[in-house]
Every structure is written in C-alpha cells, then in structure tokens.
Amino acid sequence: MIAKLFLTLAAALLAALLFTPESFTEVFRPLTHNNAPPIYLQTSLLRLTLSHLALVGIAVTASTLVAVAGGVLVTRPAGREFLPLARTITSVGQTFPPVAVLALAVPAMGFGAGPTLVALFLYGLLPVFENTLTALSTLPPSVLEAARGMGLTRRQRLWQVELPLALPVILAGVRLTAVISLATATIGSTVAAKTLGEVIIAGLLSANPAFVVQGGLITGLLAILIYEAFQRLESWSAHRAGLIRPQ
Amino acid sequence: MIRLDHLSKLYSGRAVVEDVSLTVETGQIAALVGTSGSGKTTLLRMINRLVEPTKGRVWIGDTDAAKIEPHLLRRRIGYAIQGHGLFPHRTVGENIAIVPRLLGWREAEISARIDELMQLFDLDPAVYRDRLPHALSGGQQQRVGVARALAARPELLLMDEPFGALDPVIRAKAQDDLRAIQRQLGTTLVIVTHDMEEAIQLGDRIAVMDKGRLLQFAPPSEILTAPATPFVEALVGAAERPFRLLSLSTVDALREPGEAPGTPINPDTSLREALALCLWEGRAALPVSGGGIVTLAALQARAEGASR
Ligand SMILES: Nc1ncnc2c1ncn2[C@@H]1O[C@H](COP(=O)(O)OP(=O)(O)OP(=O)(O)O)[C@@H](O)[C@H]1O
Ligand SMILES: [Mg+2]
Numbered sequence: 001m002i003a004k005l006f007l008t009l010a011a012a013l014l015a016a017l018l019f020t021p022e023s024f025t026e027v028f029r030p031l032t033h034n035n036a037p038p039i040y041l042q043t044s045l046l047r048l049t050l051s052h053l054a055l056v057g058i059a060v061t062a063s064t065l066v067a068v069a070g071g072v073l074v075t076r077p078a079g080r081e082f083l084p085l086a087r088t089i090t091s092v093g094q095t096f097p098p099v100a101v102l103a104l105a106v107p108a109m110g111f112g113a114g115p116t117l118v119a120l121f122l123y124g125l126l127p128v129f130e131n132t133l134t135a136l137s138t139l140p141p142s143v144l145e146a147a148r149g150m151g152l153t154r155r156q157r158l159w160q161v162e163l164p165l166a167l168p169v170i171l172a173g174v175r176l177t178a179v180i181s182l183a184t185a186t187i188g189s190t191v192a193a194k195t196l197g198e199v200i201i202a203g204l205l206s207a208n209p210a211f212v213v214q215g216g217l218i219t220g221l222l223a224i225l226i227y228e229a230f231q232r233l234e235s236w237s238a239h240r241a242g243l244i245r246p247q
Numbered sequence: 001m002i003r004l005d006h007l008s009k010l011y012s013g014r015a016v017v018e019d020v021s022l023t024v025e026t027g028q029i030a031a032l033v034g035t036s037g038s039g040k041t042t043l044l045r046m047i048n049r050l051v052e053p054t055k056g057r058v059w060i061g062d063t064d065a066a067k068i069e070p071h072l073l074r075r076r077i078g079y080a081i082q083g084h085g086l087f088p089h090r091t092v093g094e095n096i097a098i099v100p101r102l103l104g105w106r107e108a109e110i111s112a113r114i115d116e117l118m119q120l121f122d123l124d125p126a127v128y129r130d131r132l133p134h135a136l137s138g139g140q141q142q143r144v145g146v147a148r149a150l151a152a153r154p155e156l157l158l159m160d161e162p163f164g165a166l167d168p169v170i171r172a173k174a175q176d177d178l179r180a181i182q183r184q185l186g187t188t189l190v191i192v193t194h195d196m197e198e199a200i201q202l203g204d205r206i207a208v209m210d211k212g213r214l215l216q217f218a219p220p221s222e223i224l225t226a227p228a229t230p231f232v233e234a235l236v237g238a239a240e241r242p243f244r245l246l247s248l249s250t251v252d253a254l255r256e257p258g259e260a261p262g263t264p265i266n267p268d269t270s271l272r273e274a275l276a277l278c279l280w281e282g283r284a285a286l287p288v289s290g291g292g293i294v295t296l297a298a299l300q301a302r303a304e305g306a307s308r
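The listed protein sequences derive, respectively, from chains A and B. For the first sequence, the UniProt record's numbering gives the first residue as 1, with consecutive numbering after it. For the second sequence, the UniProt record's numbering gives the first residue as 1, with consecutive numbering after it.
Hints are supplied without guarantee of correctness; some may be wrong.
Unchecked claim - Computed from the model, here is a short list of chain A residues facing chain B with C-beta under 7 angstroms:
#	residue
1	A16
2	T20
3	P21
4	E22
5	L139
6	S142
7	M150
8	G151
9	P164
10	A238
11	G242
Said to hold, decoys possible - Estimated spans, in silico, between C-beta atoms of each pair:
#	chain 1	residue 1	chain 2	residue 2	range
12	B	E25	A	G79	40 to 48 angstroms
13	A	A229	B	L103	52 to 60 angstroms
14	B	A112	A	Y227	42 to 50 angstroms
15	B	D122	A	A16	58 to 66 angstroms
16	A	R155	B	A112	51 to 59 angstroms
17	A	L5	B	A112	45 to 53 angstroms
18	A	A229	B	A112	53 to 61 angstroms
19	B	L72	A	A54	27 to 35 angstroms
20	B	R106	A	A62	37 to 45 angstroms
21	B	L103	A	F111	56 to 64 angstroms
22	A	T61	B	L72	34 to 42 angstroms
23	A	Y227	B	R213	54 to 62 angstroms
Honestly, the hints are just simulated from the structure, not real lab data. Every residue gets a Cβ at the ideal spot worked out from N, C-alpha and C, and that includes glycine.
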C-alpha cells in the first residue's frame, strides 16, 4: 500500500517536472546564488528525457539481444567451449569504465550519441549474460528430459521450453542493465549526447546546484519507475511460466 | 513387439548395462526391477535413444531403432518419467497435447483426445484442463504425466517409476487404471519399478536386474516359485513369497465342488484375500458365488508351492 502510494507520487512528481518545470521555480530558487536561473531552460527537460530514454532503450535492447544470444550459444553442446571467452568479454565490458570507453570511442566515432551507445552497450552485457546463463543451466532436469523424451527437436526445446522458463530470470538481468544504463547514460553528455547529463553538467559548469539536483532527481525517478515496471513484468512472466504459485 | 538384442552401455569403460537381451510381445507388460543403480533407467532410456547403446540393438517391431531419427522415434514411443516432468508453463491440456501437436494432428482431434484421456484418468476436463501443473496435487500431476505419455496412442510405452510419489491407496488405484487402459489399448509397456509388489501386480513378465545384468526374465509366478539366483530370491523376499504368489490368482482358480456356510465371496477375489478371510473367521472353506467352494487346505497348498 505504502509502496503503491510512493510510486504514484514518484510518477506524479516526474510528470510535473517534465511538463510544467516553471511551477518548480520557487522550489529550486533557494539552491541558486546571484539570481541564477533555478530551472534549466536551454533545452526542454522533456526533450532531454525522451532522448535519454531512447539512448538507454536502444543500448539495453542491443545488449539484451547479444547477451541472450551469447548465453544460449554457450549453453549448447557445440558452443560450450566459448563459455570462458564469453565470460571474459562480458566482465571486461562491465569493469572497463564507461568514461574510458567514451574517451576511446570519440576519436573513432566523433561526438554525439554513438560513443555513448557503445559504452552503454558494453556496460550492459554482463547482467543479462550472467542471468541467461544461470537461468538456462538451472532449468528443472525432469522437464528437459521429458521434452527430449517426447521428441522435441533442439530448436523446439529452446523456444518452447528453455526460453519461456528462463524468461523471469533473464528479465531480472535486463532490469539491472536498464537501471545501471539509465544512470550511466548521463555521462554521455560529456561527449555531446543529448541526455539528462546535460542539465547536471550545466549545473557543474555554472556552479548552479539547482540544475544538478534537477538532472539527478529526474534520472532517479525514472530509475525507480523502470525498476518497478520490470519487477511487475518479471512476476507476471514467472506466474505465466507456472513457477510461482499465485497467492 | 520390442526386442532388445545384446544391449550394453559402457560409461568410461564400466558396464552399466551388460549384454541384456529380452523380448516383450505386443500388448504385454514387462516390469523391470532391481536395486538402485542396477541399470534399469539406462536400459529404458536406450530404447528411445535418450542414451545411445555402446553395443547391441533395439528392435521395435521389425524396425531397427538406430535407423530412425531420434526425435521421430521418440514421438512414436510414450515416455513417462519419474517426477512426471510436466511443462510448468503449459496447462494440463497443453501438456497432454504436446506429442499429438508434434505429429501434426488436427486441433479438433487433439481436443477430443485431451478430454478422453482426462476422463480416463479421473480428471474432470472442465475443472483441470486449463490449470497449470502447479495447481494439481502430486497424484494428479503423475496421472497427467501418464496421460501425456499415452496421448498419441503409442504402440510402445516406457515408464520409469511413474507412481513413485503416490501414497499406497492412490498408487493401487493408478496401477489398476494403468492396467485397464493398457489392456484396452493393447499398448506394449515396459515399466521400471522399485516395488516388487507393483511388478507382480502389473507385469506379465518381470525382468530382474543386478549390476547391469539381466538375471531372470520370466512370468511373476516363475520368479516367485523358481528364482534363478539367490539375489532374485532375496529381492522377491522369502517371507512374503507365499502371499505374493496367492495375490497372483483369483478364487476362481481354486474353486472346487462342495458346500460351505456363510456369504459367498466373489470369484474375482484374490487368493490372498480368501486366505485372510479363512484365517480371520476361523473357517475351513468359503462358498463362492456361482457355486462351489474354496478350501483353506487348497489355499495353503498353493501358498506352499511358493516356498518349496
Ligand atoms: N551419464 C552417466 N555417466 C556415468 N555413469 C552413469 C551415467 N548414467 C548412469 N550412470 C551410472 O549407471 C548406473 C546405473 O544407473 P541407472 O540410472 O540406470 O540405475 P537405476 O537402476 O535406474 O537406479 P535407480 O533405481 O536408483 O533409479 C549407476 O551406477 C549410475 O551411476
Ligand atoms: Mg532409475
């Protein structure tokens, strides 16, 4: 109940911030000095948010597709030998700082959304890959045995049994990736990608804490709402997979 | 008919199944018994090629199983495993429909088959057909597992301890149902069990395995009266042998002319129950409905046949 109220408030606050930022002028004024503008107006907050979400959405979709495909591949008999390699790639992708990826990618790709997409894509592989791996290698053996014993082909077993049963755990990985990427995307604005980072950076450059708080607040609210949406999706898919007894 | 021809399976040089040959005639039930680890499951899984034999052949009718694509072979053979293995994300009806769908049956035909099987196994389609397996009891899940194995009317049915998780009462009922259904459909059945009682109840023939070898393959009465080795004798359980032997036949078999007081018993009553009745009520003979009697002396003689 309290959680629901909290979420509704978060959604309402977010909507208000995006659609009527001016109404928060007095709220943010105490954070400013020397009559600096309390609300970021160079680009509309709504436009920045949409472009931020689009970047994250594209990157997360790409990491998910690649990581799930990789997880499937290395759990097949033919792909098993690639498991150590795939693990190495995804962990390096996660441990290599996104800022460094940006720095390396800019000379090759120029300023803009490209380097940010690459950084987010690499950063997001690991959670989805690891969860796919765990999900696919811990499926109930009796179900797999039955599937084989009834004459499902490999492909049929993958699409009709393994992936549907693995879905809730894979979605949990996508949730982690989405939330991490949402926060990480802000650094994309250091190389001129249109993200909410722009507001934060503007605040830093002009020593205006009001901007920093605005950018951070919107990103945080988005993260909360997306996290919650994924959790619902996960429990829905777990119910559908018959893995959880409905209460 | 199914024929295993000198089947062996080696795992890293160690024989888990060694040179097993046996034939199960069409419409017959072969019960596979033996201690844990004796190779029963491995033998069973070689029949539908979930395990490839190291040596030997499996003949299903006149077809060499090794010559058929494994997944096509498996669609022809019903398979019910221990712990049922129902797909948790599919409803009861969808689970039963799996093999018919793979075989390309028409939807109307599949739907009718689901209802027919569910009724056969005492599961009301109106109530259970659209439920997910987790919303069934353990006994119901196992019955769905068996129904699913029978769905495409396979000529051959393999079952690996299908009634393992059932309590004795439901288990007896499930065995009776299985036997009736198997007789009705004329399915050839190979069933693995830990339970000698179950093997005697169900098997037209019992195969006793130990350490990968087939020690004896014979009708239950022969296993009971003439165990091939001390191991078979021990497995049968010397003390319970007389009762097991009696449970194989009905009163009808020992009926003799005569008169005895009391309520007549049904000729389908097992000899075991008749003996219990004699001893319980302290009587020398029981009348049988439809004429004749069965005597305590005859029952004892039959029981002793076992412990010769
Ligand atoms: N894939 C495998 N690799 C190596 N050894 C195996 C393999 N599968 C089975 N075994 C061994 O083969 C032996 C027979 O196993 P199997 O499962 O056929 O026994 P079982 O008679 O069915 O036993 P239970 O009654 O306990 O089910 C066991 O010792 C087992 O450890
Ligand atoms: Mg076994």
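Check: Which earlier hints turn out false for this structure, listed by number in ascending order?
Finding: Structure breaks hints 1, 2, 3, 4, 5, 10, 13, 16, 18, 19.
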